[in-house]
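Numbered by the working numbering, the letters in the sequence shown go through residues 1 to 583 in order.
Keep in mind that the hints were calculated from the coordinates and are not lab data.
Treat the hints loosely; a few may be bogus.
To be verified - Label-pair distances were calculated between CB atoms; the ranges are:
#, residue 1, residue 2, range
1, 67, 448, 41 to 49 Å
2, 217, 397, 13 to 21 Å
3, 219, 98, 56 to 64 Å
4, 469, 74, 34 to 42 Å
5, 67, 324, 38 to 46 Å
Quick caveat, the model's predicted, so the values are computed rather than measured.
Glycine included, each C-beta is placed from N, C-alpha and C at the ideal position.
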Amino acid sequence: MREYQYRVSLTLMLAVLFASLFQGATPAFGNLGLSIALIETPSVNRTWADFSLLYEDQYHSPSQLQAEIQRFETLVPSLVETLVIGQSYEGRNITCLRITNELNEEQKAKTLVLAQHHGREQITVEMALRFALRLMNSYGVDDEITQYVDTEEIYIIPSMNPDALERVVNLNDYWLRKNLRPYDNDGDGLLDEDPADDANGDGVISSYDVYAKSDGGSILTYLYSYFEGIDDDDDGRINCDEIGLVDLNRNYARSWGLEPGSSSDPWSQVYHGAYAFSEPETQAFRDFALQHRFAISYTLHSGTNATYFPLTSYGAYTEPTLYYAVLQDLAGMLPPAFYSDQGRSSSFLTFTRAQKPMIETGCGMWEDWMYADRGTKVPITFELYHNTAVDMDEAFTLIVDNSTHYIEEWHDIFGYFDPVTESIESLWTDIMPVFDYLLEMTPRLSIVSKSVAGGTNQGDTVTASLGVECLSPRLGSSDEIEVAMMDGTRLCLLSVASPHATTQMQGSFQLPVDLTVTNYTIRLGNNYTGYTRLIISANSQSADGGLFVASGVAVAAGGTLVLAVLLSRHRGKTATTRQVLAP
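Model the full structure from these sequences, guided by the hints.
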């Protein structure tokens, strides 16, 4: 009995010792081979019910916008993170929503929606909010949206110009395009003291177009325009010191200051600022963008029915084949009579920037900087609303018609850039497919086949063979796919992944660890596609998934540690073997 107890105790002690040495690892014994497996991240367990915006059927002020954003994060913390990327000139937060499956901490493919460079284009804020709401309400319900959120980091900046948004929404300043940096236009030592005013109290500031008559009044020649106003500073002049200074979408560094697309005149609606990135709003976005790489991104605008892409110095598309294909994709997603109920042109592709000579190539605009300086393959300026009814002759009122001059009044500035609040939801319904397209176009990787061969010891060469599918229909990985360590150190480069295709890739590298001691996790991807994690391990050559057994310790082919406790009742005889799973 003493011999029996002694052998049991000794065997258990050895078992515990081996368990402490090899727990979580494959021990170095037996005939070992290699295996490679994908590390899957589960979807988030949805715990929230569908919800609506706090402020529906209206345009959001900056404070209401911040309330919506904070509520998103409170209701859906497993998908939503809020990031303050900077402040406006007047100190309002420029906030970014990051929507993704937070269970997956690996860098994913990134995409971006940026709204409201221009104050009066507040409809873009509403579309950005509804895009975020769609992602949250569709997660766990719509398989495609769920997959996008699981595999992408979706960044949404609803307002680039919150100071101007405050005036437009709360003060009905529907003409305001630029940011609110003050400026002494009339040189009297005062700032912004004599802007346009609603002199007749009808709720809108009218503009007036002045024409000269010639040839007996049969020929009208446009002279100039002016705004309704009063002499706020009692200097005998009207509207001599406007509010608003810099066009934020002319303040980017790429081809900054070139004319006629921008202007050095502070009175101009396209004034480019004192220097590139002179404004706190564009500085905030620049610093944010320098931390990320986006293959495709949108900036949202209104006022025309158009889609703009980066141009060469000759006025041609920088990626003509790709951009024309994208244009056709977009045209097929939108209603055939896009906004005909609002008096709009029935064709979404009414014109593109390449067909509009009044907007010249290269003048400090967002899409040119994103393409040339940040490597975004498809930076799209998406003009999502314009009501052509406000351009019709019926929208103008004749107020002067004499022998020398002809003057018309126009007061439909609001409808030019923004629909009535009752039409906000119908607008979103019409353009929603374009936002789904953004997610679909973002290049992500799917590993469809994988194998690995080589040694198991530190310093041995390992060769990985992978079938890598790029899920974007139009965009590949741009750069080569890399195999990297968890700290970002590159192990080897593979090849470029083609769009909507499976590319066979093979790469070799030296093992930085001993696989007989520990498994090894690698990262596969790049900054465009995000990264996928795979684990390489040393496995038994046994085909039946049996156990390795040595000195009382067994390891299953899948890596599960088992203690084989041998209880010997008599010398030279072996009793039955009991298996105890290690904790």
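- Output the numbers, in ascending order, of every earlier hint that fails for this structure. As far as the earlier hints go, not one is violated by this structure.
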